[in-house]
Amino acid sequence: MGSNSLHVLKGINFSVEEGELVAIMGSSGSGKSTLLNILGMLDELDEGSYDLDGVPIKNLNETKAANYRNKFLGFVFQSFNLINYKSAMENVALPLYYQRVGRKERQEKALKYLDQVGLKEWAEHLPSELSGGQKQRVAIARAMAAEPKVLLADEPTGALDSTTSYEVMDLIQKINDQGNTILIVTHEPDIADMCKRIVHLKDGIILEDKKIKQVRASEYV
Amino acid sequence: MFSRDNWKEIFETIQKNKLRTFLSGFTVALGILIFVVLFGFGNGLINTFQSFFEDDAQNLIFVFPGRTTEPYKGYKSGRQIEFDNSDLADIEKNFSMFLEYTTPRITRGGLVSYKNESNNYSTRAVAPSHQFAEKTIMMKGRYLNSLDIKNKTKNAIVGRLVEQDLFGAESAMGKYIDIAGSAFKVIGVYQDDGGDDEERRIYIPYTTRQLIEKNTDKVDQLIVAFKPELGYAGALALDKSLNTFIREKKYISPEDQQGIFVRNVAEGLKQSQQFAGVLQLIVAFVAFGTIIAGIIGISNIMVFVVKERTKELGIRKALGATPKSVIGTILLESIFITTVSGFVGMIIGVSMLSSFGEKLKDFFITDPYIDMGMAIGATIVLIFFGALAGYIPAKRAARIKPIVALRDE
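Heads up: the sequence lines are chains A and B, in that order. Following the numbering used here, the numbering of the first sequence begins with 17 at its first residue and continues without gaps. Following the numbering used here, the numbering of the second sequence begins with 85 at its first residue and continues without gaps.
Treat the hints as calculated values from the structure; they're not laboratory data. All values reported here derive from a predicted model rather than from experimental measurement. Check each hint, because a few of them may be wrong.
Have a look at the derived ranges for each label pair, beta carbon to beta carbon [what the hints assert, rightly or not]:
1. Asp-193(A) <-> Gln-99(B): 36 to 44 Å
2. Ala-175(A) <-> Trp-91(B): 33 to 41 Å
3. Val-424(B) <-> Asp-131(A): 34 to 42 Å
4. Val-370(B) <-> Glu-121(A): 21 to 29 Å
5. Asp-177(A) <-> Gln-99(B): 29 to 37 Å
6. Val-370(B) <-> Ala-175(A): 16 to 24 Å
7. Ala-175(A) <-> Phe-369(B): 55 to 63 Å
8. Lys-229(A) <-> Gln-99(B): 45 to 53 Å
9. Gly-64(A) <-> Gln-99(B): 40 to 48 Å
10. Lys-128(A) <-> Asp-89(B): 15 to 23 Å
11. Leu-103(B) <-> Asp-131(A): 33 to 41 Å
12. Gly-441(B) <-> Glu-121(A): 55 to 63 Å
13. Asn-83(A) <-> Phe-369(B): 47 to 55 Å
Ideal Cβ positions, reconstructed from N, Cα and C, are used throughout, including at glycine.
Isolated chain A, as found in the complex (with noise of 0.2 Å):
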């Protein structure tokens, strides 16, 4: 565990509103997923503020941390980063049991959004028996089953071929065509096209931030 400090966001400033499908880009080293993570309350910041919802986060302590995490965000990984010794229903079924919600309607609930991925006869299965694609869509069902107001993700399609990609990011669009706030970190184009606003990022500060003409996914799949 390195305790080497190391300077990377050196000034952003922007806002998100709700409804919104970002994508940040940038190379390796741009400070990206640092600042994914600061939103996500997974680090954090030095200086500066950020507030979410109205909410100025800052000074929290690990227990606030949680519940804000548990109630405001939800998180896909690149690596899944789902739970190996538990089932899909389980895993999606987690956060809900952070929020105290009772046994049966976790199960309902997890497998309302396994459906909505379209993994509903998948839900017992580990994920060690899923593919790539499917981890994702598990994951992509587990954050939303918290029914967050931000999703953030981490690189989702880095770990899967194109065609997967596409059928995420198909899925994606289609939640934040519900109206869900969604950030995506990618350092590929064609992810990043298919989102409404592109953010870059060079050496941690903001190169560019544009809207640009979304490119439906559905299109390749």
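Given chain A, put chain B in place with the hints provided.
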């Protein structure tokens, strides 16, 4: 923290991580099992050891007469010392506050017969209190009593093997046996833990023996039982003053090594108690070591478990697990496993011990046992330290930033 939902989550985790569960459970169960068995064996050793000394009473001083080797107060050396009834009476009078009881003993060998069966047995003429000194256990009838002494009755108490030898399947009770030409009525049959020899003896009233031997008042040995509350030091002091008292009365030089002999059982008793104490200490040390080893074992596994679960904990934290719930999950799981396996190990150990019983007597282990409170206490200690050992890494894991935990591969 103890809702049904939490338990369900823990059971699922346990079920799906069988190796981990087995490892930690096995360590604890084995630790407790070894502790219980070792401790039990230690107690079994002590049991065996104590049984060596249990045959006779432990508070006895034996006084034997000898032959003087030094002249003293006008008496020549080479004089045979003899005790008589008055010696015992004097001892009782002078030392009454220290004594529990006294008894003379006159031992004679000789042929004893019943009908056509006969054999050589040693016959001890004693007072009723001799029963306590020898720890004679009555199987049938009664021991000698004060009326037997007063009336000089021809009553005899025979050993279990004497009855077997002379009477076969018959009962000896009420039958008359011939002891060196005199007929004695058998009024009791006894057993003794001291071995076969001790059950091949016959006890008769000492007054009867004295009457048979030309109405003498001589006795062979004096047996003096002191009050147990005197303790070892008190017994030694009594031993010493008794020695002086008899030497003075019988005109024996204080320097004479052969005039009389005083043997104090307390000395042997003290050694046996010391030995048992050392055994107990060794057993306690080994048992303590086992528990420490168990604690270290469970601590290692807990550190490993938390390390192995770092990424999972990171995921859980990203999904909204609070530090409290992370610690709770790990701790409850570990406490549950250690409690169940601890008590399983304890029960296996205790039932193993009780199944041994007398089987290990060849290895000087008799009736190994462990105090239930001790077994449960040790189990609880192990559970407690297992929990503590889990708490420290769990707390650290709960503090790790989720982003660091997620990066853990």
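task: For Gly-441(B) and Glu-121(A), compare the CB-CB distance with the range 55 to 63 Å and indicate the outcome.
output: 57 Å, holds
query: Between Lys-229(A) and Gln-99(B), is the Cβ distance one that fits in 45 to 53 Å?
result: Taking Cβ atoms as reference, Lys-229(A) and Gln-99(B) lie about 51 Å apart, which means the hint holds.
- request: Note whether the CB distance of Val-370(B) and Glu-121(A) lies within 21 to 29 Å or breaks it.
  value: Once the Cβ atoms are compared, 55 Å apart, the range 21 to 29 Å for Glu-121(A) and Val-370(B) is violated.
- prompt: Is it true that the C-beta distance of Val-370(B) to Ala-175(A) lies inside 16 to 24 Å, as the hint says?
  reply: 55 Å, violated
Beta-carbon spacing of Leu-103(B) to Asp-131(A) - inside the hinted bounds 33 to 41 Å or not: At roughly 34 Å between Cβ atoms, Asp-131(A) and Leu-103(B) fall inside 33 to 41 Å, so the hint holds.
task: Take a look at whether the Cβ-Cβ distance between Gly-64(A) and Gln-99(B) falls inside 40 to 48 Å.
output: Roughly 46 Å apart at Cβ, these two residues keep to the hinted range, so it holds.
task: Could you say whether the range 47 to 55 Å given as a hint is met by the Cβ separation of Asn-83(A) and Phe-369(B)?
output: 51 Å, holds
message: Between the beta carbons of Val-424(B) and Asp-131(A), is the distance compatible with 34 to 42 Å?
response: 39 Å, holds
message: Taking 55 to 63 Å as the stated bounds, is the beta-carbon spacing between Ala-175(A) and Phe-369(B) within them?
response: 57 Å, holds
- prompt: Is 36 to 44 Å a correct range for the gap between the Cβ atoms of Asp-193(A) and Gln-99(B)?
  reply: Hint holds: Cβ distance 40 Å, inside 36 to 44 Å.
- prompt: Do Ala-175(A) and Trp-91(B) keep their Cβ atoms within the hinted range of 33 to 41 Å?
  reply: Between Ala-175(A) and Trp-91(B), where Cβ atoms are some 35 Å apart, the hint holds.
task: Look at the Cβ atoms of Asp-177(A) and Gln-99(B) and judge whether their distance stays inside 29 to 37 Å.
output: For Gln-99(B) against Asp-177(A), whose Cβ atoms are near 35 Å apart, the range 29 to 37 Å holds.
The structure shown violates the earlier hints numbered 4, 6.
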